[in-house]
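Undergrad: Assemble the complex: chain W is given as a structure, and chain Y with the ligands must be docked to it using the hints.
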Amino acid sequence: MSENLSACMMRMVETDYALSDYQSDIAPRWCVGCGDTAILTAMQKLCRDEQLAPEKTVCVSGIGCSSRLPHYMNAYGFHGIHGRALPVAEGVKIRRPDLDVFVTTGDGDCTSIGAAHWIHAIRYNMNMTVLLHDNQIYGLTKKQASPTSPIGQKSNTTPFGSVLLPLNPLTVTLGVANVSFVAQAVDWIPDLLYDILKKAFHHRGLSFVRILQRCPEFMQHRFDDYVRDPSKMRILTHGNGLRLSPEVSRVYKNQETHDPLDMGRALAIAAIADEIPVGILYNDPSVPCYDDLRAGERPSTPALVETVLREEFDKVTIWPDDAEPVAAE
Amino acid sequence: MDNKAEQAVIERQPSKPRPKPAVVLSEHIVEIVSDSGEGAQRCGQSFGAIAARSGNGIWTVEIIPAEIQPPHRSVAGASGNRVRFASGPVTNGGNEADLVVAFNEQVLLSRLHADEIKPGGIILMESKWRNDRNAGIAASYAQVVEEIRTRGFRVYEVPMEVECLKLVPDPRKGKNMFVLGMLCGIYSLDEGLARAQVARIFGKKDQKIIDANIELLDAGRSWAETNLDLRFTVPAKRATEAQVVMNGNTALALGVVASGMEVCAMYPITPATSTSHYLSNIFEKVGCVVHQAEDEIAACAFAIGASYAGKCAVTITSGPGLSLKQEALGLAVMAEIPLVVIDVQRGGPSTGLPTKVEQGDLMAAIFGGHGDAPKVVMAPSTIEDCFYSVITARKIAETFNMVVMLLSDASLATAQQPFPRPSFREDWLAPPVNQSPVPEDAKPYDWDPRTGIATRFIPGQPNGMHCLTGLAHDRDSHVAYDPEINEEGLLNRSRKLAALQTTLRLPPLCGGDSGEMLLIGWGSTLGAIEEAVGILRAQGIAASSLHLKFLQPMASGIGEVMKRFTHVMSIENNWNDPLSDPLITPENRRYSSLALLLRSRYLVDIDCWGNARGQPLKPTAIVAAVRSKLGKE
Ligand SMILES: Cc1ncc(C[n+]2csc(CCOP(=O)(O)OP(=O)(O)O)c2C)c(N)n1
Ligand code: SF4
Ligand SMILES: [Mg+2]
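As given, the protein sequences belong to chains W and Y, one line each in that order. In terms of my numbering, the first sequence opens at residue 1 and continues consecutively. In terms of my numbering, the second sequence opens at residue 1 and continues consecutively.
Just chain W, with the same shape it has in the complex (with noise of 0.2 Å):
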């Protein structure tokens, strides 16, 4: 037992990762006030704390002002194409069950060319945390209506409001099949955007979170209200859910006690409208993981590539001494 012990000191040691180690030699060039630096800031403490080798973490992200994130970490980052996000990290995790996978994604990204893989994601259930950075707007091609922006929003290409209803992430991934984890979160609350953040990276299966963040540069003044005033926040706690501290429980005072397998629940605070809810929705750790199911039986092996090979030819082959009778199989 001390042995075990001394090798666990050690391995503290040689591995003791700083909140540095998680930094790139990149500094972010998000706007001043951009909610996105609070979450790149959660995401590198979360990997300080959890203390995961910048080696075997891996962040996918797809295009955008936060698909930047990957570059700002120091990990493997993959900034690949708009949309593709969440496709190209499935592909990572398939055979790589030793890497944590994070993925950035933004409204545009996820829920508008994305919107088919998000759905995809969700039913598949592969083990990776995926951050939806919603700030309501397209950001980085400055200024055009997304899915998620209020309706009258007046943008770029809706000069005079946008006509339609947004779309709701929440209920969306809700109501998807083999859903295992959704979570509401807003950069300006950087305690619980951590506390959930954790929650999500323990989770086994796909976590989603929804993280509301401030975009200054075009959305000014959007989340103003709740910023100001707490008592619009809904915060939910519960046992298997978050744990307020006592300052974050002083500030916080709407509380909702909410089981997170309560789905019925669930689905009814994801649609509230005067609040934003942030806290752990829902979470059932028992749904199948399709990484877990597709995983090989076995390694493969040159050995077994020979053996299948040489199966599948016997069923075909023509012998030169064909008077081989055949065995009915």
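Calculated directly from the structure, the hints in this document are not laboratory data. Small disclaimer: the values here were computed from a predicted structure and weren't measured. Built from N, CA and C at the ideal position, the CB exists for glycine as well. It cannot be assumed that every hint is accurate.
What the hints assert, rightly or not - So, partial list: chain W residues that the calculated Cβ filter (under 10 Å) puts toward chain Y: (1) Ile26; (2) His117; (3) Glu306.
To be verified - Label-pair distances were calculated between CB atoms; the ranges are: (4) Thr451/Y - Gly296/W: 30 to 36 Å; (5) Glu67/Y - Arg123/W: 26 to 32 Å; (6) Arg238/Y - Arg123/W: 49 to 55 Å; (7) Ala442/Y - Glu311/W: 41 to 47 Å; (8) Ile272/W - Pro439/Y: 50 to 56 Å; (9) Lys173/Y - Ala115/W: 44 to 50 Å; (10) Thr257/W - Ala442/Y: 50 to 56 Å; (11) Arg310/W - Ser556/Y: 36 to 42 Å; (12) Ala142/Y - Arg123/W: 53 to 59 Å; (13) Arg310/W - Gln539/Y: 41 to 47 Å; (14) His277/Y - Arg123/W: 20 to 26 Å; (15) Leu293/W - Thr226/Y: 56 to 62 Å.
TA: Just chain Y with the ligands, lined up with the frame of chain W:
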């Protein structure tokens, strides 16, 4: 063996009911067509398998209706198989059929309309329609039979259903085995081999079913021997080495296994899907995964993710799917992620001809994406080649960190041909995923100036952390928009093609080293083109052919070869504007893809011939095209 058909006559043993002399043929083309669901496909495949096991060279072609359950007795619903078998090797589906078995007159009409039956050819018709209770049907049958007789076809009416009813209650289920027996009788194929084939088909069912089908088989044979004056033999010679018989899609699937790739991501699309079907049955046994994604974009992105984090992956598709993958392919090119893309081409554009052959995707494969996106494009030309090309493609992809496109097509997909049984080599497989630490000062894009190749860093490798990006980037993989850095990336990605090109060898010419006409082709047309060259040379025309395996990059030396011929013409199964059209001039003419590529590279006035009729090119049609080009019609 004598090459001229129907000439020698040999005596048969007098053991059969009515011994007839069998006409010795060097080859024959047989077609069996029925409504879909009546088993003509299985009958044809089995017939091909028996011939192959006898030692005949074979090439089978599936006749596929475009719908799953087309209406009965319809021209569009013809389903079945063409079997071309010969004393020597067969490399393509050949010209018109010599003998056709039709389960009704409508499916026969579909073959007649397509000009797939030789004038004066033999037609065996199910005769039950003559007395059909529906007067319209009976009349239609009688009229067609009358008409084809007048046109000079040799028509035999066969009471297939009547004969089957003597043995089984549901003749729709047994007719195909009766026909198989009949064909084995007509072509003097060995009874033992035929029975063994039936046992193989129904191997998993109980003995009663096997016995019942063997009874049908024997009944078909003895009916033919008693009632038909048709008796042929196509002498066969058993190969001295073991042969495997399969179609191109199966060969591709086995090639994927043999290449050591571990992830295949796909979305169903004809005619590619049966590759994934086959793979799905065996891939898990070797510890690997076929992932059916939500669409082709996801399939491609999934394969890219898997390649990035491990061994090179493969995605399998057909034309419309290739179009959807293009953006993701550009990412793989830009970020230098190895990837194998198998495109089993079909007729296009749009949904086009889903089940039919066309070589229409060459330009999309080479130039399909936006920007300058160099990819390797190669095309298998035989069933055997389908197998080995995947292994080669995987190696190139991983050596150069490139996208390698493999262009098969609907013709190779379903055609069966024997080839020497491959013997496994461990060096086919991908090496284990590198997880060793990256040297301290190494960069993720340390392009080697001689080859353009940079060693990729794979997640899990300590010190290798970097952010891969589809944006322009420098050697550190940092986003960079500087003109010099952008050009450095473009240059090195392009260099890889040049480096690969220096390793390619020009395939040998078929025919002579110089002469009047050089035909250049690629992909599935190999057999038809080379057969045409043989015919032309026998007619005294100095024709030769060159068949390219690599379309991008192309092996060096093509220019030199072309100089030795008076005319050069590409032969392709895709569109080109006919000069006979009053609107088409040499200036506005749109050339076939390969012709266009060769013209631009070599500044040679290359002509092209081919068509996009959804059918494999016929050797005689190529011969006619060449003769016409040379003014020797
Ligand atoms: C195929 C394709 N279409 C369009 C674009 C342009 N584009 C880049 S980012 C983006 C939207 C970004 O919005 P969002 O996903 O919400 O990210 P944000 O910038 O707000 O973080 C668009 C339309 C693209 N890169 N690729
Ligand atoms: S535009 Fe908006 S989302 Fe983009 S960096 Fe600036 S503040 Fe952030
Ligand atoms: Mg956005």
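Undergrad: None of the hints should be skipped; say for each whether it holds.
TA: Taking the hints in turn, this is what the structure says about them:
Taking 10 Å as the C-beta contact cut-off toward chain Y, the hint placing Ile26/W at the interface holds, the least distance being around 7 Å. With 10 Å as the threshold, the beta carbon of His117/W comes within range of chain Y, its nearest partner Cβ sitting at about 6 Å, so the hint holds. Because the closest C-beta pair between Glu306/W and chain Y is about 5 Å apart, less than 10 Å, the hint holds. In this structure the hint that Thr451/Y and Gly296/W lie 30 to 36 Å apart at CB holds, the actual value being about 34 Å.
The hint said 26 to 32 Å for the Cβ distance between Glu67/Y and Arg123/W, and at roughly 30 Å that hint holds. Our hint of 49 to 55 Å for Arg238/Y and Arg123/W holds, since their Cβ atoms are close to 53 Å apart. With their beta carbons about 42 Å apart, Ala442/Y and Glu311/W fall inside the hinted range of 41 to 47 Å. The supplied range of 50 to 56 Å is met by Ile272/W and Pro439/Y, whose beta-carbon atoms lie about 54 Å from each other.
For the hinted restraint 44 to 50 Å between Lys173/Y and Ala115/W, the CB-CB distance of approximately 47 Å keeps it satisfied. One distance hint, 50 to 56 Å for the beta-carbon pair Thr257/W and Ala442/Y, holds here, with the actual separation near 53 Å. With their beta carbons about 39 Å apart, Arg310/W and Ser556/Y fall inside the hinted range of 36 to 42 Å. At roughly 57 Å, the beta carbons of Ala142/Y and Arg123/W sit within the given window of 53 to 59 Å.
At roughly 46 Å, the beta-carbon separation of Arg310/W and Gln539/Y lies within the given 41 to 47 Å, and the hint holds. A C-beta distance of roughly 22 Å is found between His277/Y and Arg123/W, which places it inside the suggested range of 20 to 26 Å. In this structure the hint that Leu293/W and Thr226/Y lie 56 to 62 Å apart at CB holds, the actual value being about 58 Å.
This entry satisfies every hint, going by the numbered hints stated previously.
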